[in-house]
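Let the sequences and hints guide you as you build the complete structure.
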Amino acid sequence: MPSTDIAYSRTGKITNTSGHAVWTQPCGQINSTLKGPASDYLNKEITIWRKVENKRGTYYQFSETKTPNIKAWLDARAITLYDQVHFNEEYNQMAVISTVIGHAVWSTPYLQSDSKLIAPASNYEGKRVEIIRRAKTTRSIYYQFSYDNKVIGWLDTRAFSLIPSNTAMVISNSTNDIFSNITDAYNKKTL
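In this text, residue positions in the sequence shown follow this note's numbering: the first is 16, and each later residue adds one.
Incorrect hints may have been included.
[Said to hold, decoys possible] Pair by pair, the computed Cβ-Cβ distance ranges are:
no.	residue 1	residue 2	range
1	Pro-52	Asn-107	32 to 42 angstroms
2	Leu-132	Thr-48	35 to 45 angstroms
3	Lys-86	Pro-179	44 to 54 angstroms
4	Asp-55	Leu-132	25 to 35 angstroms
5	Leu-177	Lys-50	48 to 58 angstroms
6	Ile-45	Val-100	32 to 42 angstroms
[To be verified] Listed below are the simulated DSBU-like cross-link pairs for lysine-lysine, each with C-alpha atoms no more than 35 angstroms apart in a straight line:
no.	residue 1	residue 2
7	Lys-28	Lys-131
8	Lys-70	Lys-165
9	Lys-59	Lys-28
No wet-lab data here; the hints were simulated from the structure. Note that the structure is predicted; figures quoted are calculated from it, not measured. We put the CB at the ideal spot given by N, CA and C, even for glycine.
Encoded structure:
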């Protein structure tokens, strides 16, 4: 008998098939029979319907996205869950990409079913960009940004240093220029 058995609605991908098999019921339960090796499902996009925890581990009832009526069970360790998006909204802010180690630019917020790697964040290190959207996922908050009036992609907020939009006058010590805001001062400094 499972210790927990709950409805569970998520999407994911089968990514770790080594040592795992697909079952008609969670492994170890009465009437559970082997359907086949998990490797038959490697890199398949899936929808998860139920979650069971028993003395053998955590199992997900899943179906392939393309065949939702055919369901089976697999150990949770074989599956990478996609992040849920809690919000995705317009957001306007200027920033500099400053922390690039461990970050990459994606086509959508990271770890979504349609996420594609665009470039390493280091390609934009030190660049002044415009943030145009922000999205909060299970994992983090991500900004969609544009550079040189072209939408580039999504990057974790920790990679950005925001440029305040309403800052008092800034006086540049090196040229004695007076600017009405920090953005103008930054533009002058980088020219």
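Structure-based check of each hint:
1. Pro-52 x Asn-107: 32 to 42 angstroms: violated (50 angstroms)
2. Leu-132 x Thr-48: 35 to 45 angstroms: holds (39 angstroms)
3. Lys-86 x Pro-179: 44 to 54 angstroms: holds (52 angstroms)
4. Asp-55 x Leu-132: 25 to 35 angstroms: Holds: the Cβ-Cβ distance is about 26 angstroms, inside 25 to 35 angstroms.
5. Leu-177 x Lys-50: 48 to 58 angstroms: holds (51 angstroms)
6. Ile-45 x Val-100: 32 to 42 angstroms: holds (38 angstroms)
7. Lys-28 x Lys-131: Given that 35 angstroms is the threshold and the Cα spacing comes to 14 angstroms, the pair holds.
8. Lys-70 x Lys-165: Roughly 52 angstroms separates the two Cα atoms, so the pair is violated.
9. Lys-59 x Lys-28: Holds, at about 6 angstroms.
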